[in-house]
Amino acid sequence: MVRHAVLQLAPEKGQVRRNLARLEAALLELAEDGPQVVVVPEAYPTGYFLQGGVRELALTVDELAEALDDLHRRAWEGPLDLVIGFYEKDEQSGDYFNTAAYFELGGRGLVHRHRKVFLPTYGVFDEERYLSRGHGVRAFDTRFGRAAILICEDFWHSITSTLAALDGAEVIYVPSASPARGFSGPRPANVERWRQLAMSVAAEHGVYVVLASLVGFEAGKGMSGGSLVASPEGRILAQAPVFEEALLVADLDLARIPPVRYDNPMLADLKSGLPILWNDLRRVVEGL
Amino acid sequence: MRKVYGVPGGEVLELDYPAVADYLTRFLEAELAWRGYQKALVAVSGGVDSATTLALAARALGPENVHALALPHAESAPESLEHARMAAGAFGVDLEVIDITPMVEGYAGVRPDLTPYRKGNVKARARMIVLFDLSMAYRALPLGTGNKTERLFGYFTWHGDDAPPINPLGDLYKTQVWGLAEELGVPEAIRKKPPTADLVPGQTDEADLGLSYRRADVILEHYLKGYPDAYIEALGYRPEEIRRVKELVNRTHFKRHLPTVAVVSTTAIHEFYLRPLDFRIELP
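Which chain is which? The protein sequence lines are H and L, in order. For what it's worth, my numbering labels the leading residue of the first sequence as 340, then goes sequentially. For what it's worth, my numbering labels the leading residue of the second sequence as 40, then goes sequentially.
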């Protein structure tokens with residue numbers, strides 16, 4: 340069992356120090372539950388909608404690591420793994436990314452960094468105007484197993500989770516920021532969509548999905564929350580309420596993955612079948 | 040053998056009103072909080088939009104933290120003030136009545152050429168002056184009450200009733216405001232009467248606009264989503280109604296923007312220099 344906690348928090352726009360202090364307070368509140376991995380939503384230190392303000396507020400990964408180390412020393416005893424979304428400034432190139440990083444605080448430090456590949460630039464979104472795309476999806480080893488990170492729209496394209504699963508991920512972490520829209524049902528349409536996606540991805544590949552979704556209003560846009568954990572057979576193990584801050588605690592039993600995959604061997608079938616489709620996949624991609 | 044027929048898909052204007060009410064309540068709480076306000080101010084006209092806004096404000100902040108203002112003019116329909124009192128009473132909010140006649144007539148006295156139409160705009164802007172002045176006096180944030188239909192049609196007085204900084208109803212069509220009003224318990228007399236700006240004696244919105252809200256909202260939703268006219272006609276709407284909707288929307292885009300500024304630099308505000316309105320940084 341690996342105990343996870345999702346911190347469904349509402350950041351204050353641009354208030355990085357205050358938001359990190361809030362994160363610290365949330366960790367103190369969680370101490371009695373003893374999570375081993377904590378997952379924080381997309382763009383948490385700053386808020387999501389920054390437009391050109393990204394360049395005033397983006398952090399280098401080292402700056403974030405230092406702040407998190409300090410926070411960890413003050414608030415936590417023993418090692419703690421933490422997945423967090425943030426706007427990243429690349430120190431060398433000066434480029435800006437929508438990034439999520441996996442830190443082993445009190446241990447190896449930065450373990451993996453995923454830069455968002457699919458930058459939504461339609462409707463209410465305008466990411467590619469301000470940010471550069473990441474160029475890859477890969478799984479990585481944590482002290483508990485193998486994992487991957489996808490950020491928000493990355494996860495809405497089933498090919499990214501397919502890649503992550505083929506690369507060995509047992510857990511997919513998904514920091515997101517999803518403005519509510521579509522109120523014809525009791526839950527916003529985007530929240531329903533997230534639920535369906537998480538359940539179907541988890542069940543297709545026999546992976547755990549941990550969604551950490553931002554809350555709070557950003558100039559009229561209500562970040563919807565509804566963070567969740569889905570099991571390898573596609574059941575929702577825990578779901579946070581919409582629109583309000585919440586701490587979601589769930590145990591991930593990685594030992595269940597092999598038997599669940601044995602019963603529903605979609606990933607094994609994909610590994611066998613994908614080479615058959617490879618030529619067509621290449622043909623279609625090259626024709627784009 | 041059983042035959043099963045599918046339901047055709049389509050655009051849905053009907054909303055889950057309890058969910059919308061909850062969302063807009065949270066919107067008001069959050070948007071006041073980061074601006075540093077605990078209280079709100081609502082100009083209550085006696086119509087359904089402001090009554091609904093008042094209901095949401097009372098829910099979000101508690102009735103004791105909401106100021107309702109009725110701002111009648113001598114030419115206003117007496118029913119408007121009655122309904123403003125009814126709305127305030129329904130949601131437990133104290134109503135303050137300030138007669139704008141002296142303000143408006145003071146100006147009318149120096150411009151004898153003032154037409155009823157222009158005077159209507161002066162009334163709306165006089166109300167804006169009172170609203171913003173009392174906002175400062177009471178340290179209460181003015182709430183906008185305009186709905187999406189009238190915003191799209193430009194059916195408001197520019198820098199008048201569109202001036203308040205936050206607006207819970209601005210993305211709801213008029214027909215959706217009616218649904219929300221019922222959910223929130225806005226009295227039937229207010230919900231069921233013909234909508235009117237009450238700026239010129241005897242006017243109604245639907246006569247001014249030349250079409251009914253129920254029909255306009257369906258046309259708007261399809262037009263905004265890019266459906267071609269032929270598709271909308273096939274839903275049962277007449278070409279002249281569709282044309283009227285498009286005409287109203289397209290002659291009023293300017294009213295939904297800040298004033299036009301001549302761009303001369305690469306730091307022109309809102310053109311090159313782009314920041315969301317809630318943007319702020321921590322200073323050392």
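Each hint should be verified, as a subset may be incorrect.
Unchecked claim - As a list, the in silico SDA-like pairs of lysine to any residue whose alpha-carbon atoms are at most 20 Å apart: (1) H:K560 to L:K158; (2) H:K560 to L:G128; (3) L:K158 to L:A236; (4) H:K560 to L:A236; (5) L:K232 to L:G128; (6) L:K264 to H:L606; (7) L:K187 to H:K428; (8) H:K560 to L:L316; (9) L:K264 to H:A528; (10) L:K264 to H:P459; (11) H:K560 to L:A60; (12) H:K560 to L:P226; (13) L:K187 to H:P459; (14) H:K560 to L:K232; (15) L:K264 to H:V456; (16) H:K428 to L:R314; (17) H:K560 to H:K428; (18) H:K560 to L:R74; (19) L:K264 to H:K428; (20) H:K428 to L:I320; (21) L:K187 to H:Q390; (22) H:K428 to L:R319.
No lab work stands behind these hints, which were simulated from the structure alone. Computed from a predicted model, the values in this text were never measured in an experiment.
Cross-check of the supplied hints:
1. A distance of roughly 36 Å separates the Cα atoms of K560 of chain H and K158 of chain L; the hinted pair therefore is violated under the 20 Å criterion.
2. A C-alpha spacing of about 31 Å is found between K560 of chain H and G128 of chain L, which places the hinted pair above 20 Å, so the restraint is violated.
3. Proximity of K158 of chain L to A236 of chain L is assessed by CA-CA distance (about 13 Å); at most 20 Å being required, the pair is judged to hold.
4. Distance restraint check for K560 of chain H and A236 of chain L: the Cα-Cα separation of roughly 29 Å exceeds the 20 Å cut-off, and the hinted pair is therefore not satisfied.
5. The suggested pairing of K232 of chain L with G128 of chain L holds, with an alpha-carbon distance near 18 Å, which does not exceed 20 Å.
6. Pair hint K264 of chain L plus L606 of chain H does not hold up; C-alpha atoms about 39 Å apart against a cutoff of 20 Å.
7. Annotation: proposed proximity of K187 of chain L to K428 of chain H is violated, straight-line Cα distance about 39 Å (limit 20 Å).
8. The straight-line distance between the Cα atoms of K560 of chain H and L316 of chain L is roughly 12 Å, inside the 20 Å bound, and the hint therefore holds.
9. Taken as a hint, the K264 of chain L and A528 of chain H pair is honoured in the structure, with Cα atoms around 17 Å apart against an allowance of 20 Å.
10. A C-alpha spacing of about 19 Å is found between K264 of chain L and P459 of chain H, which places the hinted pair at or below 20 Å, so the restraint holds.
11. Between K560 of chain H and A60 of chain L the alpha-carbon distance is near 15 Å, which keeps this suggested pair within the 20 Å criterion.
12. Distance hint between K560 of chain H and P226 of chain L is unfulfilled; the C-alpha atoms sit about 30 Å from each other, more than 20 Å.
13. Distance restraint check for K187 of chain L and P459 of chain H: the Cα-Cα separation of roughly 26 Å exceeds the 20 Å cut-off, and the hinted pair is therefore not satisfied.
14. This hinted pair does not check out: K560 of chain H and K232 of chain L have alpha carbons roughly 32 Å apart, beyond 20 Å.
15. With a C-alpha separation of about 27 Å, the suggested pairing of K264 of chain L with V456 of chain H is violated against the 20 Å cut-off.
16. The suggested pairing of K428 of chain H with R314 of chain L holds, with an alpha-carbon distance near 18 Å, which does not exceed 20 Å.
17. Proposed proximity of K560 of chain H and K428 of chain H is contradicted: the alpha carbons are some 25 Å apart, above 20 Å.
18. Note on K560 of chain H and R74 of chain L: the hinted pairing holds, with a Cα-Cα distance of about 15 Å set against a maximum of 20 Å.
19. For a cut-off of 20 Å, the pair hint linking K264 of chain L to K428 of chain H is broken: about 36 Å separates their Cα positions.
20. Distance hint between K428 of chain H and I320 of chain L is fulfilled; the C-alpha atoms sit about 17 Å from each other, no more than 20 Å.
21. Distance hint between K187 of chain L and Q390 of chain H is unfulfilled; the C-alpha atoms sit about 25 Å from each other, more than 20 Å.
22. For the hint linking K428 of chain H to R319 of chain L, the alpha-carbon distance of about 19 Å falls within 20 Å, and the restraint holds.
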